[in-house]
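Undergrad: Line by line, the protein sequences are chains A and B. Take 250 as the starting number for the first sequence in the numbering used here and just add one per residue. Take 114 as the starting number for the second sequence in the numbering used here and just add one per residue.
Note that these hints are calculated values from the structure, not bench results. Being a predicted model, the structure only gives us computed values, none of them experimental. The C-beta atom is built at its ideal place from N, Cα and C for all residues, glycine as well. Each hint should be verified, as a subset may be incorrect.
[As the list claims (entries may be wrong)] Below, computed lysine-lysine pairings styled on DSS-like, alpha-carbon distance capped at 27 Å:
(1) A:Lys614 with B:Lys184
(2) B:Lys228 with B:Lys241
(3) B:Lys223 with B:Lys184
(4) B:Lys184 with B:Lys228
(5) B:Lys184 with A:Lys613
(6) B:Lys223 with B:Lys241
[Unchecked claim] Heads up, incomplete: computed chain A residues facing chain B, CB under 7 Å, no partners named:
(7) Ala255
(8) Arg262
(9) Gln263
(10) His266
(11) Pro268
(12) Thr454
(13) Arg457
(14) Leu459
(15) Ile463
(16) Arg616
(17) Ile618
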Amino acid sequence: MRNTLAVALRILRQFRHDPRTLFMMIVAPILALFLLNVIFGSPSYEPLILTDGMASDFTQALEDAGARTGSATQAEALDLLAVGDADGFVSKDGDTVKVWVEGSDPAITGGVVRAVGQAQIEALASVKLDIKPIKLPGGIEIDVTKYLPLPTFEAPQAPEIAYLHGSAEMRPFDFYGPVFIGVFVFFFVFITSGISFVRERTGGTLERLLATPIHRRELVAGYVLGFGVFTLVQSAAVAWASIYWVGFPNFGSFWLVLLIALSMALVSLTLGILVSEFANTEFQVIQLLQIIVIPQILLSGMFDLSQTPGWMQLLSRLFPITYGSDAMRAVMLRGAGFGDIALELAVLWAFIAVFIVGNIAALKKYRRI
Amino acid sequence: MPILSARDIVQRFGHEEVLHGVSLGVEHGEILGLLGPSGAGKTTFVNVIAGVAEPVSGEVHAFGEPMPSLKLMRRMGYMAQSDALYTDLTASENLEFFGSLYGLSGPALKRAGEKALETAHLQVEPGKLARDYSGGMRRRLSLATAILHEPELLILDEPTIGLDPLHRVDIWESFRQMTETGKTLIVTTHVMDEAERCDRLAMIRDGVFIAIGTPENLRMQAGASTLEEAFLHFARMEMTQGGGHDA
Numbered sequence: 250m251r252n253t254l255a256v257a258l259r260i261l262r263q264f265r266h267d268p269r270t271l272f273m274m275i276v277a278p279i280l281a282l283f284l285l286n287v288i289f290g291s292p293s294y295e296p297l298i299l300t301d302g303m304a305s306d307f308t309q310a311l312e313d314a315g316a317r318t319g320s321a322t323q324a325e326a327l328d329l330l331a332v333g334d335a336d337g338f339v340s341k342d343g344d345t346v347k348v349w350v351e352g353s354d355p356a357i358t359g360g361v362v363r364a365v366g367q368a369q370i371e372a373l374a375s376v377k378l379d380i381k382p383i384k385l386p387g388g389i390e391i392d393v394t395k396y397l398p399l400p401t402f403e404a405p406q407a408p409e410i411a412y413l414h415g416s417a418e419m420r421p422f423d424f425y426g427p428v429f430i431g432v433f434v435f436f437f438v439f440i441t442s443g444i445s446f447v448r449e450r451t452g453g454t455l456e457r458l459l460a461t462p463i464h465r466r467e468l469v470a471g472y473v474l475g476f477g478v479f480t481l482v483q484s485a486a487v488a489w490a491s492i493y494w495v496g497f498p499n500f501g502s503f504w505l506v507l508l509i510a511l512s513m514a515l516v517s518l519t520l521g522i523l524v525s526e527f528a529n530t531e532f533q534v535i536q537l538l539q540i541i542v543i544p545q546i547l548l549s550g551m552f553d554l555s556q557t558p559g560w561m562q563l564l565s566r567l568f569p570i571t572y573g574s575d576a577m578r579a580v581m582l583r584g585a586g587f588g589d590i591a592l593e594l595a596v597l598w599a600f601i602a603v604f605i606v607g608n609i610a611a612l613k614k615y616r617r618i
Numbered sequence: 114m115p116i117l118s119a120r121d122i123v124q125r126f127g128h129e130e131v132l133h134g135v136s137l138g139v140e141h142g143e144i145l146g147l148l149g150p151s152g153a154g155k156t157t158f159v160n161v162i163a164g165v166a167e168p169v170s171g172e173v174h175a176f177g178e179p180m181p182s183l184k185l186m187r188r189m190g191y192m193a194q195s196d197a198l199y200t201d202l203t204a205s206e207n208l209e210f211f212g213s214l215y216g217l218s219g220p221a222l223k224r225a226g227e228k229a230l231e232t233a234h235l236q237v238e239p240g241k242l243a244r245d246y247s248g249g250m251r252r253r254l255s256l257a258t259a260i261l262h263e264p265e266l267l268i269l270d271e272p273t274i275g276l277d278p279l280h281r282v283d284i285w286e287s288f289r290q291m292t293e294t295g296k297t298l299i300v301t302t303h304v305m306d307e308a309e310r311c312d313r314l315a316m317i318r319d320g321v322f323i324a325i326g327t328p329e330n331l332r333m334q335a336g337a338s339t340l341e342e343a344f345l346h347f348a349r350m351e352m353t354q355g356g357g358h359d360a
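Construct the entire structure; sequences and hints are all you get.
TA: Quick look at the structure:
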């Protein structure tokens, strides 16, 4: 226990003498989150749609659907599309409406198609039936509309939306914010702990330590404790800045967010040390990061996996980040309590336990006791 | 009874056998020198006897008990070939850290640190990080961390490498003083004049001890006037006797 504290104290002192690392570990993830928030939090793009020979009702409806409009001939419009100065062109070819798009950015293509579709429905709704009175010989006119039950068209009223979770103010990106908090903490802790332990090995201090009467488990525990204190500070800073400064919506308890972030950081810490066992240089730690952490991030729930092949969904269930992301979303977006995420937390702590035991076993390579 | 004995130590890294079944006994109160060129297996051997590397086969006994044992390691000191310091800590933080692993704390730890620095002939500046010291100063700081807990048996891997000759003389004087207080030292070196200062020498080449004895005896046996010539003599003898360890 004394040795554990000695190792932990040493690590904290090393951090104190290295303010740059300290600064980077806290500021870098917050900066990345801030940038993401600005990028994805900006208002969505309004496509510029040119029309030729379309009714004014239609162009009005396009604008209602969130597009900018203008008119041009087909030749002019296609030139503008080609250089990227316009996003779509709508004209009538007989009875069918023809839409041209530039097509390289599916998001913009989708925006144009959606606006045109919406405008068509709206234009249809505003059609007024223009039925002329029937003229009988002798100058008598009969207004048939008075006698016929004619259908009337009205624009559909906007539905009322009730939110089980979240709110109308939430932006699409807010669904991903909780995932990013955990992922960034994981990423930066992995690099720091992995490199720190590789240095311990290459600098000869690991061998030197194992010549002292320290137990392998005390050494690993010291690392977890020393870095643990530090990751607690880091997790708190990142979670606080994400919610109260960057402004990710949080419908749950801040303390639960912190607990999840800290748990993910400890998984990353213990995994980083274990993985550094297979690296001989700092550069190799980065290489291993690409193999071990990047796939985890891709499969963490950042992208929707529900339609992917079964093996991929299974694979994502083997990765700790997935459980952290699930728990983070449950708390921040759905206001889940401790009981709701106990299973995810248990899985994370099981990973921590397995990696700690793995680390103690890996040191056996140097000394059996 | 030897204070440390190694029997039939074989060590292998991958397919390469680095130690071919070597044996050695170290007597209480002596300075035993391990003399050999780099790549001979000196560091591999001291790592095994210090308990920081597991040999493929063979046994090590220290103080009459089998190694590795945390209880015995408490009575031993080890200075690695690399400085093995935390360069982002100050000198006294390094001393405090290693000292606390041997159960020292408070004023006792402070006193032990001061004494170790004196023995290593090093004056430290408070607040200065280890990485800002010169190579020779780091070497002496590394020595101070190894002797801090006053070990009975001290294993030093190339302790004087990179030191200025004046400091080297001072430090060998400190080694001699330590043996006078009943300590035992195992020192690796590839410098002949340092070898001359040892009580006994084990000459090592290509993973085998080619000769063991006092410097004077070895020279006489070899009919040589210097240890260098003696080393060459024993090396040639080992080769003609068909060492048989190659490949």
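Undergrad: Which constraints among the numbered hints does this structure fail? Numbers only, ascending.
TA: Hint 11 alone not satisfied by this model.
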